[in-house]
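Chemist: Listed below, chain by chain, are the residues.
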Amino acid sequence: MLHLPQTVLILGSSALKIGEAGEFDYSGSQAIKALKEEGVRTVLINPNIATIQTSESLADEVYFLPITPEFVEKVIEKEKPDGLFLAFGGQTALNCGVKLSESGVLEKHNVKVLGTQVPVIQNTEDRDLFRNKLDEIGVKSAKSKAVNTVDDAAGFAHELGFPVMCRVAYALGGLGSGIVKDETELRELVGRALRHAPQVLIEESLKGWKEIEYEVVRDQHDNCITVCNMENFDPLGIHTGESIVVAPSQTLTNAEYHKLREIAIKTIRHLGIVGECNIQYALDPESEDYRVIEVNARLSRSSALASKATGYPLAFVAAKLALGYGLHELKNSITKTTSAFFEPALDYCVVKIPRWDLKKFKGVSRRIGSGMKSVGEVMAIAPVFEEAMQKALRMLEIGAVGVVGSEGFESDDLERDLAEPTEERVFTVVQALESGWSVDRVAEQTKIDRWFLARLANIVRLKRELQAGSRGASDALLVEVKRAGFSDHQVAMFTGLTEDEVWNRRAAVGLKPVVRQIDTLAGEFPAQTNYLYLTYNGSQDDAEFPVDNAVLLLGSGAYRIGCSVEFDWCCVNAGQTLRKLGFKTVMLNYNPETVSTDYDEFHQLFFDEISLEVCREIAEKVQPVGVIVSMGGQTPNNLASKLDASGVKVLGTNPDSIDNAENRHRFSALLDELGVDQPEWAELSTYEEAVAFADQVGYPVLVRPSYVLSGAAMAVASNHEELETYLGRAAKVSREYPTVISKFITGAKEIELDAVAKNGEIIVYAISEHVENAGVHSGDATLVFPPQRTYFETVRRVRQVATKVAKALNITGPFNMQFIAKSNAVKVIECNLRASRSFPFVSKVLRQNLIELATRVIMDRPYSKPDKQAFELNHVGVKAPQFSFHRLDGADPTLGVEMASTGEVGCIGEDFNEAFLKSLLSVGYRLPIQSVLLSLGPVESKAEMLPAVRMLAEQGVELFATKGTATFLNDAGVEATPLEWPLDEKSPNTLDAIREGRVDLVINIPKNDQKVELTNGYMIRRAAVDYNVPLFTNRQLAQRFIEAIAARAADDLAVKSWGEYAMA
Amino acid sequence: MTAVTTTSSTSARPGGAPADSHDTRTAARARLVLADGAVFEGRSFGAHGGVAGEVVFCTGMVGYPESLTDPSYAGQLLCCTYPMIGNYGVPPMEREGGSAVGSGDDLPITFESDRIHASALIVNDYSEHHSHWHAQRSLAQWLADEGVPGIQGIDTRSLTMRLREHGSMLGRIEIDGAENPRGFEDPNVRNLVAEVSVAERTTYGSGDRRVALIDCGCKGNILRSLVGRGVEVVRLPWGDDLQGLQIDGLMVSNGPGDPSLVDAAAATIKSALDRDVPTFGVCMGNQLLARAIGAKTFKLKYGHRGQNQPVVECGTNRCFVTSQNHGYAVDTTTLPSDWRPWFENLNDGTNEGVRHSWKPFRSVQFHPEACPGPTDTAYLFDEFVRMIHQ
Ligand SMILES: Nc1ncnc2c1ncn2[C@@H]1O[C@H](COP(=O)(O)OP(=O)(O)O)[C@@H](O)[C@H]1O
Ligand SMILES: Nc1ncnc2c1ncn2[C@@H]1O[C@H](COP(=O)(O)OP(=O)(O)O)[C@@H](O)[C@H]1O
Ligand SMILES: [Mg+2]
Ligand SMILES: [Mg+2]
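Top line first, the protein sequences correspond to chains L and Z.
Take the first sequence: its letters are residues 1 to 1064, numbered as in this note's numbering.
Take the second sequence: its letters are residues 1 to 390, numbered as in this note's numbering.
No wet-lab data here; the hints were simulated from the structure.
All residues carry an ideal CB built from backbone N, CA and C; glycine is no exception.
So the derived label-pair ranges between C-beta atoms look like this:
1) Z/SER260 to L/GLU37: 39 to 49 Å
2) L/GLU499 to Z/ARG190: 53 to 63 Å
3) L/ARG367 to Z/ARG386: 52 to 62 Å
4) L/GLY208 to Z/GLY230: 32 to 42 Å
5) Z/GLY177 to L/GLU465: 21 to 31 Å
6) Z/ASN317 to L/GLU204: 38 to 48 Å
7) Z/GLN243 to L/PRO526: 43 to 53 Å
8) Z/ASN317 to L/ASP128: 33 to 43 Å
9) L/LYS140 to Z/LYS296: 41 to 51 Å
10) Z/GLY147 to L/LYS181: 51 to 61 Å
11) Z/ARG190 to L/LEU4: 51 to 61 Å
12) Z/LYS359 to L/ASP128: 47 to 57 Å
13) Z/ARG386 to L/LYS266: 13 to 23 Å
For lysine-lysine, the following DSS-like pairs were computed, each having C-alpha atoms within a straight-line distance of at most 27 Å:
14) L/LYS36 to L/LYS112
15) L/LYS336 to Z/LYS299
16) L/LYS266 to L/LYS207
17) Z/LYS301 to L/LYS331
Kindly generate the complete structure, drawing on both the sequences and the hints.
Modeler: Spelled out as structure tokens, the structure:
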């Protein structure tokens, strides 16, 4: 009999960041579901408030607290769990768990780690121990040595001979790793790495070998299976998270596949893992020789991908195994009848492509390598590689229309960009093939397997045939290109037909996609599965259509800067509500890191593109009562008018109103009509007009294109010169759209309103304020709800404006508005007629599900009006951004109108200070602060900061300052040790203080956020990021922080669950 | 053994992609006609000639060279459920000097036998461009060289679902402009085992123990697995009655077709059991052993046709992933009293192997020799070799 634990504590992965993204929400949610099914009480710690795992319906208790040993211990003391899950919250949870175990906390409180045990984790995370374990069973690893000092690293590197690979222990996403070609590079890299981690592995470079992964599951009876293998399109040297990945492997023979499988099982048994893990290999492309690269003894990005690729719920099964079940005692959750002890047989392939946002960062290197820089990913499913690949490239939503026909990714140096790839490598490869390079030549330059390249060349060939046939392309050719994944848009581009003509021709000859089920068994047994995709490589649907009383729900697509787990939360909640209301939910999404692509959440899940063409095809099959576009962020929102025009009913706010809000001219005219103020703006297409307008309204001005979500390509110009350089850049970014210039309002507060309306009447609203002044993108700002420093009068005006706009646009559903407030005057910046980033945050702080309400309203079903108003709350919520600058070599970590954060947390406290400190501690700030380096920028800024700095001094904090700041402070009677500027190269130097860890915090207020060149300020900020020293670059934020630490000590932050706040 | 990468290109392609001499797009139209009247349109690759036989499928994602040379597929048109086939080409025939001095062939190590046994190959998407260091020729070339037709562009998933409901079905491939069969032809009425078994006793390997291997259509890796464990193997024609052969163990191989047509082999097994010779049967060997001891078999609702079949060793928690290809299972209620089930399928609970309660007689319905497929149960050869040493 199983001895089940009573209470299990689950550690989440905190904010989404590069390397640790939505996949851990998915795995954590599955783990909680698995525990609930067993009747085990669950306690979850995760400050990521936008996640599904922190929903009311999942864990019994949720703590929005930092995942640090201190806080976790307090929760353990309070909740007295007897079991602990470490494998579901990425590296964050794993590392925290290892620390708790090492310090004896777990033993002291009688908490048992369930599943893979800590010593096993240590054997996999410590690169030296790991290699020894492999040696014990004769499994090969790269020649290497683990070192703890820079000198040892250099010594061994010389022994191996450069180039060498440096890899960091207790890390993921290749953090701090890289291939270095000489000692200087090595010293720099290892020096930095040792600030983040205790150990670095120096090893022979295997760049160019095939990179292969297996997902392995083992139970306590020693039963072991490999659920899925995957092959990287990009060979070794490019992190798997940065690689295009294909499952199953395509170029491995039976002998290779099963040799690696056998080694995987042998290794995992020897290590003693219980649950799920991932093993990575290097495989020689010229023989069967191999090396094991690493084992990740936890759920990972790859395991989420493998779950979605195969339909095998790895996290769910891993949770059950951790409780003591055997694999053979569990059922395959797709077939419901066959065993969970089996290895899925795929009759399709999947292609995963990472999504990067490197162009958003100033100064970042765009070369990709062994460290992760991507912020999200997409997965496409199809029987053939060509179809999957083309779908996937479109899914990225970076303007690509597929493998061929995509503009804006041209390389001006093919040799270089093939050998040292950027994030646009695949387009460079296609460009090379199109410009006459042979597959062999591209293969030599890139080491990408010829099989993949030949398939891409096949797409190039089809494009040429389409062009040759132009409007007269034969039906046979059309069939062939659709099977190779060409969209109607691509066909139109290459034939000169219009998209509509292509659609009609297809309809006329019956060239339609079929719906396929993912059944894990390749059709061998019948399976009633609802996990579906579309393909042209088939002749009949696997499922029955139409679906009665169905609602089509559009997801958010790839996570990217500006669109992340918050929209997944909205989609999942909308789906759950629809189900409660008796509708059949049909979800469309293609992001493998999401819960909304978990097939057990919906009546049907289509894992496919969110495009007009695909939505129309699905709508034709399903014949839904309508489609909801307001839950998945900007991607579905942008389709509203087109869907409407093609006869698909859009539920909720009328598509024309959506356009009225999105279209700047229409929206502005509407505001004028309503007598609502907005910053002055003009739409301009020449530089002269722009300068004239800027002169007229006065600098600074904000320059931006329309129809963007995350502030892409926006910037602030404070003078003619900046306007000129910026317009040069902006013109390149978006040629079709004229530039919009608005008066940039300085020294103003920014306020957000999230609301739900019905037929133009607001039913519920939530107003939050930013800590930072306007000018920091709302996605990067620290949000406070309910507002603490906003005048009542301002709040009243915000509400009035929102009421007018809601009425004028006749809104039915969720919407979000942003305001700028200066001495009670309120101006509108924008209005989105969809759910926004802050919906989960305000919903959870209020403990009123705004999405459930919005869904009821959209479906015209009864709803209950919220019983509690925000001003009645006895607590405060603070949402703080998570940045990933440490992964983005060279990027300048300043805040501006372009969003740069990759995730967020939201914490609750009895007052602002408490919630604020909890949220900052959750995103990596550390207490206590004993020494600070100050570099306070322009004189006004210095003056504004003075009272706060004085508070620091009064608390006995040691102050260092750059020269000007030091003089200013000393003149004002605050003692600060002056340090030399980086570029002055004199000592005592600021950089040394940072590198040597002599400061606990850096406050650097930039003088001007537009300059790209290497300045002193930039070097200080970058050093802080590289050497893992907390950094503030915003004055308001720094001030609030200093006030907060003066008011509260770290151990004075209450350990209260979400439920406890809600009761109060 | 020389490493061969992609075959040299014969026709210029956009982008210079290497191409096989075969070009699917100019290839002849072809169709698969099933006995139930269904017709699947596609294009031909491989040999230019129609063929009739029994249509079966396999869900393995790798291993087409192994499957095609598996004698168990004799007379069958093999449909791969994995859509892209031919990716890594076909390796050269390489042999291992495993044979005893002065006798027998060297063992093929890159294939399961000396030639393709399946009658045809049915795929969704033939990979015209293959890529692998060990490839010597393309799959299409190999099929053409061996006179075996292929058809591609088939909706193999729909075909598979149709086959699964019928167990298997007769069918034929017709190729435009080629000689095509008119009707259907049931290979199972023939003694297929006789067609694929060795002609005469052949010895492989050496060691202080000798195993007789009844070759019903034996896969190369059964031989390699035994020889590699240091035993001498005498491979016997299916009807060999062991006369004059001194043996320490008996192995009964896999093979094609209907076990009831090879009663001679069952009789040989029975005689060995009577003499207490340690015996190990695989796949058809399992069915023959069952017949030898008087147990019955029955047709499964859904056959087991893949490399991902889970089995559990009865009475334990030990589970294995196995390679399987069978549509019949032993009815354990008909086992003699001294026999008991050994393995069981975790999906449908049907029997996957039987053993004698105390004597060294065992057999499994799955393929411990893998090739293609997982190697989880290779340890059964260790156990067998241990048995013959006792
Ligand atoms: N010896 C090596 N030579 C070249 N590249 C390597 C080597 N070892 C690892 N890599 C590359 O570095 C990446 C990151 O290494 P890995 O150990 O997997 O880091 P992480 O644990 O952060 O995922 C791998 O995905 C691989 O592409
Ligand atoms: N006129 C303005 N004056 C000052 N700051 C502004 C102005 N307009 C926008 N901003 C700042 O720029 C940020 C991004 O602008 P917004 O239009 O919301 O972009 P997005 O569409 O990406 O959300 C806002 O959050 C705000 O901080
Ligand atoms: Mg790792
Ligand atoms: Mg890794």
